[in-house]
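Residue numbers (our numbering), protein chains in the order written: chain A, 2 to 118; chain B, 2 to 178.
Since the hints were made in silico from the structure, they are not lab data.
For clarity, every value in this text was computed on a predicted model and none was experimentally measured.
Using N, Cα and C, we set each Cβ at its ideal position, and we do this for glycine too.
You may find that some hints are simply not true.
Unchecked claim - In silico DSSO-like cross-links for lysine-lysine, where the CA-CA straight-line distance does not exceed 27 Å:
#: 1; chain 1: B; residue 1: K119; chain 2: B; residue 2: K73
#: 2; chain 1: B; residue 1: K119; chain 2: A; residue 2: K90
#: 3; chain 1: B; residue 1: K115; chain 2: A; residue 2: K65
#: 4; chain 1: B; residue 1: K74; chain 2: B; residue 2: K91
#: 5; chain 1: A; residue 1: K111; chain 2: B; residue 2: K119
#: 6; chain 1: A; residue 1: K65; chain 2: A; residue 2: K90
#: 7; chain 1: A; residue 1: K65; chain 2: B; residue 2: K119
#: 8; chain 1: B; residue 1: K115; chain 2: A; residue 2: K98
As the list claims (entries may be wrong) - Residues from chain A that keep clear of chain B, each with C-beta distances beyond 10 Å, as calculated:
#: 9; residue: M30
#: 10; residue: F57
#: 11; residue: L67
#: 12; residue: R91
#: 13; residue: R106
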Amino acid sequence: MSIMEIIGSILVIIGSIFLFLGALGIYRMPDLYNRLQAGTKATTLGAMSVILGVGFLEPDWFLKLLILVVFIGYSNPLSSHAMARAMYKRRVFPWTKEGGVDAYREVIEKETEKKES
Amino acid sequence: MNSQPTHLQPLSTQTKLSRFLMNWILLTLVWIGFTGTLDVQELLVGIIISGILSLMAIRIFTCCTLALLAPKKLFYLGKFIVVFLIALIKSNFDMARRVLSPALPINPGVVQFKSQLKSNFAKMVLANAITLTPGTLSIDIIDDTFYIHWIDVVSDQPEVAFKEIAEDFENLLLKIF
C-alpha cells in the first residue's frame, strides 16, 4: 500500500465515523433545531472527509472532488438555515430549559399579529 | 428588508466590468477543475463559455469584484479559510462529546446580536460560518440582526453572544469585503 492509499483510507474512515455520530445525534437530540445542528455539522465534515479520502485514493479526480467539497461546504449550512427558518415561521418553537432565552420569538409574534390585524 | 432587491439595483459600469472579469476568472478556474487538463482546445472552449455565462449572470453572481485579488485580501481570505476549517473540526468534536455523553449536556436557546457587515454576500458567508462553528445555527437575518440558535447558551446579552460566536469571523470578513 502506498502512502496516498493509507491517507485516503484513514480520511474515509474518519468521515464515516463522523457521519455515524451525526446520525446518532439526530436520534438523541430533543427537538428539531438541535437535530439540525448535529446533522449539519457532522454531515459537512463527514462528507468532506470521505470525498477528500476518495480524492487521495484516485488522484486523477482530485480537482473535481475539491470542487465538490467547496459546494458541500456552502450548500449544507444554507439548506439547514432554510429548514430552521421555515420551521420557525410555521411556529415550531425550540425546546428550552426553564427560563431559557428565545430572542426570535418576539419577531414571529409581531409578524403574526400584523398578519391577523 | 425594505430596500430594493439586489438584482434590481442600478450598477455603475465600473462595478459591472469588475464583477464580470472576476466571475470570468472564477468560472474558468472551475472549468479547469472539472476538465482536469490544460489542453489548448479544452481551455479555449472553457474560456469562451465562462465568458458568455458571466456576461449573462452579471446581476446574479454578486459575490466579488476584482478588488478581491489584492494580495492583502487574498491573505485574509486564506486566513479565513484556515480559521473556518479549524472551527469546523472543533465543532464536530464538540458535537461528538455532547452526543456521546449519557447526560446530554445541552441548554439550547435563541440569541441575537448585531453585525457591522454591509453587503448581503458577506452576511451570507458569516451566517454560513456561524452555522458550522461549535454549537450554533443561524436561523434568520433581519437587516443587520442575526438570530442564532445556540445549543449551550452562556449569556443572553447580545454583546457577549457576539463575542463568543462571531467576533473572529467578522473581523476577517470586514477586511475581505
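Evaluated hints:
1. B:K119 x B:K73: 20 Å, holds
2. B:K119 x A:K90: 25 Å, holds
3. B:K115 x A:K65: 38 Å, violated
4. B:K74 x B:K91: This hinted pair holds, its Cα atoms lying about 25 Å apart.
5. A:K111 x B:K119: 25 Å, holds
6. A:K65 x A:K90: Violated, at roughly 37 Å.
7. A:K65 x B:K119: Given pair K65 of chain A, K119 of chain B is violated - Cα atoms ~33 Å apart, limit 27 Å.
8. B:K115 x A:K98: 25 Å, holds
9. M30: Answer for M30 of chain A: violated, closest chain B Cβ roughly 8 Å.
10. F57: Fine: 16 Å to the nearest Cβ keeps F57 of chain A off the interface.
11. L67: Since the minimum Cβ distance to chain B is about 7 Å, L67 of chain A lies within 10 Å and the statement is violated.
12. R91: Answer for R91 of chain A: holds, closest chain B Cβ roughly 13 Å.
13. R106: 7 Å, violated
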